[in-house]
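Chains as they are written, first to last, in my numbering: chain A, 40 to 153; chain B, 7 to 119.
Hints are computed from structural coordinates only; laboratory data are not their basis. Hints are supplied without guarantee of correctness; some may be wrong.
Below are the BS3-like pairs computed for lysine-lysine, each with C-alpha atoms no more than 30 Å apart in a straight line [stated by the list, open to error]:
1. B:Lys111 - B:Lys58
2. B:Lys111 - A:Lys48
3. A:Lys96 - B:Lys58
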Amino acid sequence: DSGVTQTPKHLITATGQRVTLRCSPRSGDLSVYWYQQSLDQGLQFLIQYYNGEERAKGNILERFSAQQFPDLHSELNLSSLELGDSALYFCASSPRQGDTDTQYFGPGTRLTVL
Amino acid sequence: LAKTTQPISMDSYEGQEVNITCSHNNIATNDYITWYQQFPSQGPRFIIQGYKTKVTNEVASLFIPADRKSSTLSLPRVSLSDTAVYYCLVGSYSGGGADGLTFGKGTHLIIQP
Chain A
40 DSGVTQTPKH LITATGQRVT LRCSPRSGDL SVYWYQQSLD QGLQFLIQYY
90 NGEERAKGNI LERFSAQQFP DLHSELNLSS LELGDSALYF CASSPRQGDT
140 DTQYFGPGTR LTVL
Chain B
7 LAKTTQPISM DSYEGQEVNI TCSHNNIATN DYITWYQQFP SQGPRFIIQG
57 YKTKVTNEVA SLFIPADRKS STLSLPRVSL SDTAVYYCLV GSYSGGGADG
107 LTFGKGTHLI IQP
């Protein structure tokens, strides 16, 4: 158990819908990262927040947005969902802001778009 | 920032030592090298991190030559449970940006009996 929690574990929805994925970092960690993993694309970095501020941005679509709240939990919002958005979404946390800081990954949210 | 290149897949047998090499020709002075392991449907897990020479912990060793343009993850006496995907990342504690967070497709290691 990494100490990072993600909810929900599974999510099934339809194309065009909007969903919110939630992540609670390890106690004391200030950075939160979001990743998308689909079968053919490997693990893709989406976005990083550090202490409430956006720190780094990866291949995140404009239909996706994220934020980190004052209590340091984070939410990833996915809108206008497409079939290709079906994937495992991982959240990770780390104590600091550097991109080489050890990341602790949550169990993931499996999103299925029908 | 440094880009990493790893073999897509490797095979070995139980009890053997496995070495996975990662190339990072453009590594910067402040960059560290970090390896993660991922099992199917689970998040990656940190294995080891190093800056130069050799680092060893309870599960692996990391060898980094003087020019730091490559690194080798060494797994001693592997077992079936070491079958996983292994990722090499390069980045700095002071740096920001997505390059140091690029996991890519990693190396799929398959251990056979």
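*So which of the earlier hints does this model not fit?*
none
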